[in-house]
Amino acid sequence: MILLKEKPDSVGAIASTLCLIHCIATPVLFMVQSCALDGCQADAVPTWWGFIDYVFLVIAFFSIYRSTKTTTLYWIKPAFWLSFLMLLFVILNEKNTWFYLNENYIYVPALSLIALHLYNRKYCTCNQVKCCAYEG
Numbered sequence: 001m002i003l004l005k006e007k008p009d010s011v012g013a014i015a016s017t018l019c020l021i022h023c024i025a026t027p028v029l030f031m032v033q034s035c036a037l038d039g040c041q042a043d044a045v046p047t048w049w050g051f052i053d054y055v056f057l058v059i060a061f062f063s064i065y066r067s068t069k070t071t072t073l074y075w076i077k078p079a080f081w082l083s084f085l086m087l088l089f090v091i092l093n094e095k096n097t098w099f100y101l102n103e104n105y106i107y108v109p110a111l112s113l114i115a116l117h118l119y120n121r122k123y124c125t126c127n128q129v130k131c132c133a134y135e136g
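Everything in the sequence shown is counted per the UniProt record's numbering, starting at 1 for the first residue and increasing by one.
Keep in mind the hints are simulated off the structure, nothing from the lab. Check the hints yourself; a few may be wrong.
Unchecked claim - Cβ pair distances, simulated, as ranges:
#, residue 1, residue 2, range
1, 47, 74, 13 to 21 Å
2, 103, 65, 35 to 43 Å
3, 52, 99, 20 to 28 Å
4, 94, 72, 28 to 36 Å
Stated by the list, open to error - In silico DSSO-like pairs for lysine-lysine, Cα to Cα no more than 30 Å straight-line:
#, residue 1, residue 2
5, 77, 95
6, 69, 122
7, 77, 122
Model, not experiment: these values are computed from the prediction. Note that CB positions come from ideal geometry on N, CA and C, so glycine has one too.
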């Protein structure tokens with residue numbers, strides 16, 4: 001938790017990258033495994049693997065919350081939250097199947113969160129107690 005308070009953009013970028021790797025690896029790993037064992041069943045993903053999505057959402061939420069407290073650019077705050085809401089929506093839609101979305105849509109918010117955290121880490125963080133977050 002201390003690392004999250006001190007370096008939220010680093011934690012967020014790492015978590016978003018791991019989330020992206022998780023999203024890329026899931027279809028490949030479980031298709032290979034299920035084809036080898038059961039003859040290519042699509043719903044062979046274990047529950048614990050799907051639970052990791054929610055872990056990434058929690059880490060992303062707190063990283064974004066903390067990053068938006070110390071950013072110096074006004075526009076990056078809504079960009080962070082919009083990307084998070086897109087990620088949340090895509091993951092919840094995938095779990096509940098409200099309507100069909102191509103699986104590749106998960107990459108847009110994941111990549112945007114990585115880019116935003118890296119950009120914010122490099123250019124937009126103020127480390128003062130009274131932050132200049134409202135200056136534009």
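- prompt: What hints, given by number in increasing order, does this structure fail?
  reply: Structure breaks hints 1 and 2.
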